[in-house]
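Visitor: Here the protein sequences line up with chains A and B, keeping their order.
Our numbering numbers the first residue of the first sequence as 1 and each following residue consecutively.
Our numbering numbers the first residue of the second sequence as 1 and each following residue consecutively.
These are computed hints drawn from the structure, not numbers from a lab.
Mixed in with the good hints, there may be bad ones.
As the list claims (entries may be wrong) - Think about it this way: if two alpha-carbon atoms lie no more than 27 Å apart in a straight line, the pair counts; the simulated BS3-like pairs of lysine-lysine are:
(1) A:Lys60 / B:Lys112
(2) B:Lys341 / B:Lys325
(3) A:Lys8 / B:Lys341
(4) B:Lys329 / A:Lys8
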Amino acid sequence: MPRPKSNKESERLRRIVHEHLRRRASLAQSSPVGAHLDEDALNAFVEGRLSEIESAPLIKHLVSCNTCRHITAQLVRLEMEVAGDELRATLPTEKPSHIRTFLSELASRVLPSSDEDVVFAYHAPADDFEKKDEVKGNVEPEGEEKSRE
Amino acid sequence: MKSSWIFLADISGECSLAKESRVRNRVVYSIIAHQVADSLQIQLESAIAECAADIDALYARCAESAPNYGITVETFSTSIRTAIEKYLVNHESESAPTPDEIRQFINELQVKDLYLSLACAHGNEHAWWEFDQGFRRYIERIARHLSSAETAAEEVIDSVYVELYGTRVVDDVRQSKFATYTGRGTLRGWLRTVVWHAVIDLHRARHDEVSIDDWSESGGEIHDRPGWRAEARGGEGAMVDRITRERYRAATLAALDTSLATLDDHEKLLLLYYHVEGLKLREIARLVEEPQSPLRRWFQRQSKRRVTVPESRVHESTVMRWLEKVYGKVLERFRSELQEKSELSEAEIELCVEMATEDLAPEDVRRHLMDVHAES
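Bound conformation, chain A alone (with noise of 0.2 Å):
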C-alpha cells in the first residue's frame, strides 16, 4: 500500500484534499446517481445493516448526492448525542465514596469551615492521632466537640 513519503507531506496532502473535496462539494450541482433515499434506506445504512449487495448502489448515490450524504452525517451525530443523553439520565447520582467521606469528615475537624470565624490556636500533634482514633472506631466523643465549639 503506498504511503507518504513523510509526515509533512501527508498533511500537506490532507490539507489541499480538504479543501479541494469541500470547495468541489460547495460548487456542485446536484446530480446524484439515482433517487434521494427514503427514511427506511437511509436508517438501514446509518445503522449498517445492508450488506454489500445492497449498500452498492446506497454508497454510490451518497458520494454523488450531498443532500443524502449531509443527511446521514447528522443521523450519526444526533445518535450519539441522543445516546449520550440518554447515558447521563440513566446513570446514578454519584455518591462519595468511603475514603472521601472519611477524608472529608477528617478536613471538617482539622479544618476551619469557611463561615466559621478562624480561631488560631496552639494545636498539638498528638490530638490528630486521637482524633484518627475517634475516626476509626467511629465514636463521636461528645465533651471534645463541644469544647471545640
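Dock chain B against chain A, hints included.
Guide: Positioned in the frame of chain A, the structure of chain B alone reads:
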C-alpha cells in the same frame, strides 16, 4: 440541377430509412427490456417461492406473540416481498437474489418491529397502544433534542403522529407512513429519521425553503468560496510568471480530480464524511460500529492485517489508518499524473504542491495572509 435533385432524393430516402431503422431498433430494445424484466420477475418469484416456508414460520412467530394485531399472512408476505424487491433486486445488473440470499435477508429483518408497524399501518388499536407505550417517549426525546423550543417540539411530535397515521387516502387506502418501513433497520432508528425529516419540513415551512445545509449547525459552514487566488497583474515578467503558474494550477487541479476519481466509492465516501461533512473520527467509528457495516467490511478486506476478532470495536485510530491509506493512494496517483500526463519534473511537482497548499488554504488563513501582504 438534375443531379442535385437526385442528391436530395437520396438524402431524404436515407433519412426515412434511418428513421425506420431507429424505430425498429427501439421496438426491439423494448421487447428485450420486457423479456429481461419478465425473466427477472420469474427468477425472483421462483426464489421467493422456495423461501415460502421460512416466511410462514416468521409470520407464525409474530402472530403468536401478538395475536390481536389482525395481520394476515398475505399482508405479511407482501411486505417481505416489498423489502426483498427494494434491497435485493438489482435492476442495473438485472440479477435476482438466490433463495439463500433471501433467507439470510429475511432472518436479518427486524420482524417484530415490522409486524408492529404493519398493524399500525392498518389502524389496529392494540398495535397503536403498544407503539405509543414503546416509542412515544423516544419520539418526544428526539423532537425535543432537535427543536429549539418546547412549542416547536410539540408541533413536531404532532406532525410525526399525523404522518404515521396517514391522512391522505388513495383508492380507499389510508397512506400511513408506517407502510414505508421495511424492517431492514430498527423501528427506533427509522423513527429517528422520520422525526429528523419532520423537523426539517417544519423549519422549511417557517423559513421559506431554507436548505438543509443552512439549517444544520455543522453543515451551515459550507459556502461557495472564491476560486484560486487572483494574481496581481503587471509587467511582462509577471505575465510569463502568471501563465506558468496557471499551467501548474490547471495540471494540479486535473491531477487532484483524477486521483480522487480513481478511488473506490467506499474510499470517496470516507473522505467526504471526514472532510466535507466534518464527521469526527469517533463519529465515523460509530457509523461502522456494526460488524456487518459495508464500509467496515470493505476497509477490513483491504487491510493486510487479519482481523482476528471481527466483532471488535472500531477505534478512532483504525479510521485514521483507513484515511491514511486513502491519502497514500491519492498522493501516489497525484504524483504519477503530474509526472506522466503533464510531464513535470520532481521540482515542478513540488512547486505544484506548494501552490496548491497556498491557494487552497482556508479562506480565513488566506485573508490573513493577504492582509499581511497589504500591510507590508
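Visitor: Does each hint hold? Answer for all of them.
Guide: Status of each hint after checking the structure:
Under the criterion of a C-alpha separation no larger than 27 Å, the hint pairing Lys60 of chain A with Lys112 of chain B is inconsistent with the structure, at around 31 Å. Taken as a hint, the Lys341 of chain B and Lys325 of chain B pair is honoured in the structure, with Cα atoms around 24 Å apart against an allowance of 27 Å. Between Lys8 of chain A and Lys341 of chain B the alpha-carbon distance is near 25 Å, which keeps this suggested pair within the 27 Å criterion. A distance of roughly 16 Å separates the Cα atoms of Lys329 of chain B and Lys8 of chain A; the hinted pair therefore holds under the 27 Å criterion.
Hint violations for this structure: number 1 only, all remaining hints satisfied.
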